[in-house]
Amino acid sequence: MTTSLPLSRRHFLASATALAGGFQLGFTLAPAQADSPKPELNAWVVIAPDESVTIRIARMEMGQGTLTGLAQLVAEELECDWSKVRTEYPTPGQNLKRNRVWGNFATGGSRGIRDSHDYVRKGGAAARMMLVSAAAKQWGVAESDCTVSKGIVTHKASNRSLSYGQLAQAAALIEPPKDIVLKDPKDWTIAGKPLPRLDTRDKVTGAQLYSMDHTMPGLLHAALKNCPIFGGKLKSYDAKQALTMKGVKKVVTVADKGVAVVADNWWRAQQALETITIVWDEGPNATLSSAAIEATLKQGLEAQDAVIGNQSGDAKAAFASAHQIIEAEYSYPYQHHATMEPMNATVLYTPEKCEAWTSTQNAETALAALAKAAGLPAEQCDIHRMLLGGGFGRRAVSHDYVEQAALIAKQMPGVPVKLIWSREEDMLHGHYHPITRARMKAGLDSQGNVTALHMRISGQSIMASINANAFFAAGRDPSSFQGLNPGGTEGVFGYAIPNLLIDHAIRNPPIPAGYWRGVNNNQNALYLESFIDELAQATGSDPLAFRQKLLAKSPQHLAVLNAVADKAEWHKPAPKGIYRGLAQHMGYGSYVAACAEVSVTGNKIQIHRIVAATNPGHAVNPQQIMAQIEGSFAYGLSALFYGEITLKDGKVEQENFDTYEILRMAQMPKVESIVMPSGGFWGGVGEPTIFVAAPAVLNAIAAATGKRLRTMPIQSHSDLKIS
Amino acid sequence: MIEIILNGKKQVLDVEGDMPILWALRDLGLTGTKYGCGIAQCGACTIHIDGEAVRSCSLPVSALQAGQKITTIEGIAGTVLHPLQQAFIDLDVPQCGYCQSGQLMAAAALLSKNPKPDDALIDQEMTNICRCGTYNRIRAAIKQASAHITQKA
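Heads up: the sequence lines are chains E and H, in that order.
Each residue of the first sequence is one higher than the one before, starting from 1 at the first, in the working numbering.
Each residue of the second sequence is one higher than the one before, starting from 1 at the first, in the working numbering.
So that you can see chain E by itself, here it is in the shape it has in the complex (with noise of 0.2 Å):
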């Protein structure tokens, strides 16, 4: 995917209509040169005269679809020819010169579609109109007696009609609309339907170009080597050997941290860096393990000061009324993203200029950090935005790689550099997922009925990590109760529980912590609905029937939840020896639900099936939203039978997929998906699903086995193993 756009600013006015996005939109736009061969009629609409239209995406693609999605958006109320869409990304250089006209280009928190589908269906609106005012006007009829369809417009009456690429430049001289009307979601024709990917052959032929493969005249090769203790910084090192080697044309320290090698191919360089003798300044956490972060957290589930997330009624009066009092403690590790793509950046800079091609879930903060690194305006910089081999967050926030590869390019200026981080030093320099404990502690009556909950989280927050002044100013973290609101739209606790409280005493160990697919709703979700099954079975009763009892109120949470208890035949009994799961959970706008069946022989865990829901409100792409589904549980059983990063001596333990393993086609189980959304509001889908994946096959397990494993990941913590 190449970022080259037609037009130069001066084909523009780069204002317009404030929108509830808070940003500007800019369906203002000066007259387009008559001659101009790609006619912009907006920000997110070019059309040709060979008739292909090019839908300008803001928001990254990284596997999860939302490419092909946006542009279905677009395209629906531009009312093109969907076989005549391409697509190109605007670069964050172009956004800031145009006044942010494409807004937003994070592409995290399954954000992609639910908070841009606004303004892009506006932009493909917009430019319908104005092709449709184009044909009225060059007939001298009425707009409304004008049809269209397929990139054609019709005037019925005369018997006459145009095409878009035919309209396009005139289109481009009228006045954009002021009062857009967007198409009720029933009426749609293009989005809703599950459409074929549009990037999908060059990544089956091996011509599809991540930022790993880019490459231009004169391009070096750089391998890094960072301090691997966190906190630490570099001391000194002996490069002698390393500059002798075939390839090799520079050693260049990297900020206080590292140390990087510089030549004509990446093993070259990777293969000196080896012979590299570095002494580090180990720093303050020199001797940090996973044991004393333990011990930190445990002593957080103790602690009288916790900042509250959610909180009804008086749950401490309530235990002491209780006829019974059920506790449990559970835990989450850190984790590793381990996107197949490692890390890497190419940067070219010059005093007067610095471009990057990478890879990136965010590239306006791309570019901040490529802007500082190399010390240039923003203006002068630019990041073209390379397909991502895998995000999954680690490409959202810290742009470290792309600091680095500016930091060496530097020392270089007019050579391109890439840098590529060996999996070795990925691994070692995550931003990982947070590590947490939960003490869970539930008053019952003697009925059986749950009259007090009080679940504490201890543990490290994300924004302390990764924004501590924004962190410190707030003094609490709120996606720490990801799924355990009492309200809005990110994550609603759905149960009725009558005294309620939800407090999470923060503990923030010195590793980086980052988002990653589901973020703190993973843990969450595990804790909550682990613990519930854990009441139900106390109370001895029937799990669906005891969580529909609590879900009552609540008549989304309940009907993802009853939609795969049906389509899993709950009412019925399972097979011989397959026993099942349940689990449901609210996040980034959308309902989830899933069913597991395992069964379990010696300390083999085998997952027959999943049935999994979601309700994301409107589904784009249904077929699309369905592959998330399936991928989702591949990430959320990875992560619960293997995924644990450990510390040792202030260093990450795992280095390779040898040492962090990932879930492999022979565990992956069958996943039903069941697509339900309901409409009236717009929810993620490259995430949710996630949430229930591990909680469910917990559930399947317990009920099983008859033990519950309350300590991730299943592999470190327990005899049984997935077969």
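Just to be clear, a hint being listed does not mean it is correct.
Said to hold, decoys possible - Taking lysine-lysine pairs in the DSS-like style, the calculated list, with each CA pair at most 30 Å apart, reads: (1) K670/E <-> K69/H; (2) K721/E <-> K143/H; (3) K113/H <-> K152/H; (4) K143/H <-> K576/E; (5) K316/E <-> K549/E; (6) K604/E <-> K116/H; (7) K178/E <-> K150/E.
By construction, these hints were calculated from the structure, which means they are not laboratory data.
Keep in mind that this is a model prediction, so the values were computed, not measured.
Fit chain H to the known structure of chain E by using the hints.
Structure of chain H alone, referenced to chain E:
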């Protein structure tokens, strides 16, 4: 220096013998073969040497013999796409796509030996990592391509 047959054409590899084949291929512009781990764990670098699926990140150029046939993802299609490539398109298999070259090369080697693999054989032979979790669609695509191949035969 060694001469091999790369995607059907003669090619001289003029690099150090201990350079993994992966990096020699990528320097030739054949970037469809991916670096994922460097220790033959993930399979993103899978190529065929004389029809055998091999993880090229961990096999040095010195292990090659003159005249050996190397096929990369760029070379598995003939005048039309390989039936597996077509099946991957038909079933919209790839998500991010980074592992897919390796998955396709592993699957192509499997089908060339066993045109009708059962699930157990697929499980045994398809050990490449996919973080997006496209496994179920890969399995379905292997079965579709298998049906296509065996029908034609």
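Cross-check of the supplied hints:
Between K670/E and K69/H, the direct Cα distance comes to roughly 37 Å. Violation of the 30 Å bound is thereby established for this hinted pair. Our distance criterion of 30 Å between C-alpha atoms is met by K721/E and K143/H, whose separation comes to about 28 Å. Restraint check for K113/H and K152/H: satisfied, since their Cα atoms lie roughly 16 Å apart, inside the 30 Å limit. Simply put, K143/H and K576/E have alpha-carbon atoms about 29 Å apart, close enough for the 30 Å limit, and the pair holds.
For the suggested pair K316/E and K549/E, the alpha carbons sit about 23 Å apart, so the restraint of at most 30 Å is met. Annotation: proposed proximity of K604/E to K116/H holds, straight-line Cα distance about 28 Å (limit 30 Å). Between K178/E and K150/E, the direct Cα distance comes to roughly 24 Å. Compliance with the 30 Å bound is thereby established for this hinted pair.
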